[in-house]
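Asks: So the protein sequences, as listed, match chains A and B.
Sequential numbering from 1 applies to the first sequence in the numbering used here.
Sequential numbering from 1001 applies to the second sequence in the numbering used here.
Among these hints, one or two may not hold up.
Stated by the list, open to error - Result set (SDA-like, lysine to any residue): computed pairs, CA atoms no more than 20 Å apart in a straight line:
{"#": "1", "chain 1": "B", "residue 1": "1109", "chain 2": "A", "residue 2": "3"}
{"#": "2", "chain 1": "B", "residue 1": "1111", "chain 2": "A", "residue 2": "10"}
{"#": "3", "chain 1": "B", "residue 1": "1094", "chain 2": "A", "residue 2": "194"}
{"#": "4", "chain 1": "B", "residue 1": "1027", "chain 2": "B", "residue 2": "1066"}
{"#": "5", "chain 1": "B", "residue 1": "1073", "chain 2": "B", "residue 2": "1108"}
{"#": "6", "chain 1": "A", "residue 1": "197", "chain 2": "B", "residue 2": "1097"}
{"#": "7", "chain 1": "B", "residue 1": "1130", "chain 2": "B", "residue 2": "1108"}
{"#": "8", "chain 1": "B", "residue 1": "1068", "chain 2": "A", "residue 2": "209"}
{"#": "9", "chain 1": "A", "residue 1": "197", "chain 2": "B", "residue 2": "1087"}
{"#": "10", "chain 1": "A", "residue 1": "131", "chain 2": "A", "residue 2": "153"}
{"#": "11", "chain 1": "B", "residue 1": "1094", "chain 2": "B", "residue 2": "1142"}
Hints listed in this document are in silico derivations from the structure and should not be mistaken for laboratory results.
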Amino acid sequence: MRFEYLFKETTSGLRRNGLVAFAAISTTFIALLLFGLALLISRQVSLMIEATTGNVEVAVYLTDPVNPDTVRSLTTTLTDLPVVENVDFESKDEACERFRKLFANQEALVNNVDCNALPASLRVRLEDPEKYAQVEAVLQGQPGIDRIVDQSAFLDRLFAVTRVFRVGVLLISLVMLVSAAILIANTVRMGLFARRKEIGIMKLVGATNWRIRIPFLVEGLFESLVGATVAILVLFGLKVAFINPLNESVQFVPWIVNSDVIAIVPWLVLAAVVVSLLASLVGMRRFLDV
Amino acid sequence: MISLQHVTKVYRNGTTALEDVSVEVEKGEFLFIVGQSGSGKSTFVRLILKEEQATKGEIYVAGKNLAKLTSWKVPHLRRNIGTVFQDFKLLQDKTVFENVAFTLEVIGKTKQVIDQRVPEILELVGLGDKLNNFPDELSGGEQQRVSLARACVNRPLVLLADEPTGNLDPTTSVEIMRLLDKVNRIGTTVVMATHDQAIVDAMRRRVVELDKGKVIRDQARGVYS
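Throw the hints in and build the complete structure from the sequences for me.
Replies: What follows is the structure in structure tokens.
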């Protein structure tokens, strides 16, 4: 098929129903923007979880004074468990150091706390944070343990909150994608209707159905890809506008970086292509029976 | 070239448009199909183009059984059949050249072929100087010549004309008939549905007369009635 023919048919189609095309483009844009946001939020949440829990899922606080033999035997017991990824010993001094760092901007707190009050601990990282019970079971009754603190309660809440948010955004984006599809189907259908005489003649002189369909497919594809491009640009803009300042001021949390945004681009483009092709095919289904 | 064997066409609303029609058209023949409005002339044309399916009987065009032709092969059938209609069916927003070129474009001919063949065929129908005019700047006879050029530019085996002179005055009609005759003389089979008595009588070609969907006369070198 000659490119010139394709180009001519597609652009004339876009000109003809510009307003509907605009509606299709903007709906695709909003849908893909929300879709991209959902993906980025997921990424941000998993980064935060990695930062807060990737280091420690279970803290085993030890009684004073700490016996090096106890530390050694507990560490061995723990590392023998298959769910345990690794075990770190944090001495009282290290605990104090971490405390000072964590609350560096609250001097009163730092000055009033006696570092001696902070216990030494074994910090356990699990392969699967949900298998916390196994750790507790194996440590039950061992000497030298003050208490075992599981972060899973905190994690559960974090997961619950972010899940609602993520699923919500994803659902909205899904609804928007469906409406984008309907609008694209509509532009295609209007285009077919506006050109029914032309199409009748095309069929009469022996144009194949695909010959007639492809300009409309390209038209729908063009609309959704324009929407996708704008959505990607806006996502980058949002990242620069909101995440970059946070990155400066809130440094103890890892934030998404540009490469995270780039990583979702293929998914957005794929969504745009799939939606527009499906929509166009549905839009012209009944029109093109020979 | 075209063969209808005991063809019956009943439309979905129950109207019987053709009933047990058998007609053989040889290659290179010129055939008139005459009859009143509603006698089945247009159905005859639509069946040959496979715009409609026969309810009963078999239709062969250029050796192919239309009933067995899959839908994706229909376009290839139509490339062998040129069509001319009473209402010209020209695209108003395209020039004369573009209207004719359109046929070649949609079947994927290259620009070189188009640039060579389109002016050639338009010259042949006497519109060599109107390439860049739009259809509404032409007279009815000229528009019908454009549509004739479009039908012939792809060098079809068969030319189907459904009331081609229906909207034209007698003088213009004669011009169109001269062209159809010319097309026929270079070997194209021509099937023309008409109720223009003067033309049929003047041409003295084979006449098939339909009445209420039945063939009531099939006469070589015939007249209208």
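Asks: Are the Cα positions of residue 1130(B) and residue 1108(B) separated by 20 Å at most?
Replies: Distance of about 25 Å is beyond 20 Å: violated.
Asks: Quickly compare the C-alpha distance for residue 1073(B) and residue 1108(B) to 20 Å and report which way the hint goes.
Replies: holds (16 Å)
Asks: Hinted pair, alpha-carbon criterion (20 Å max): residue 1094(B), residue 1142(B). Please report holds or violated.
Replies: Within the cut-off at roughly 15 Å; holds.
Asks: Assess, step by step, whether the Cα of residue 1027(B) is no farther than 20 Å from the Cα of residue 1066(B), and give holds or violated.
Replies: holds (18 Å)
Asks: CA of residue 1094(B) to CA of residue 194(A), is that 20 Å or under?
Replies: Distance ~15 Å between residue 1094(B) and residue 194(A) Cα, so the pair holds.
Asks: Is it true that the CA of residue 1068(B) sits at most 20 Å from the CA of residue 209(A)?
Replies: holds (19 Å)
Asks: Keeping to a limit of 20 Å between CA atoms, is the pair of residue 1111(B) and residue 10(A) held or broken?
Replies: holds (19 Å)
Asks: Are the Cα positions of residue 1109(B) and residue 3(A) separated by 20 Å at most?
Replies: holds (12 Å)
Asks: With the threshold set at 20 Å, check whether the alpha-carbon distance from residue 197(A) to residue 1087(B) stays at or below it.
Replies: Roughly 12 Å separates the two Cα atoms, so the pair holds.
Asks: When you check the alpha-carbon spacing of residue 197(A) and residue 1097(B), does it fall within 20 Å?
Replies: Since the Cα atoms of residue 197(A) and residue 1097(B) sit roughly 18 Å apart, the hinted pair holds (cutoff 20 Å).
Asks: Has the given pair, residue 131(A) with residue 153(A), been kept, meaning a C-alpha gap of at most 20 Å?
Replies: Cα-Cα ~13 Å, so holds.
Checked against the numbered hints given earlier, the structure breaks only hint 7 and satisfies all the rest.
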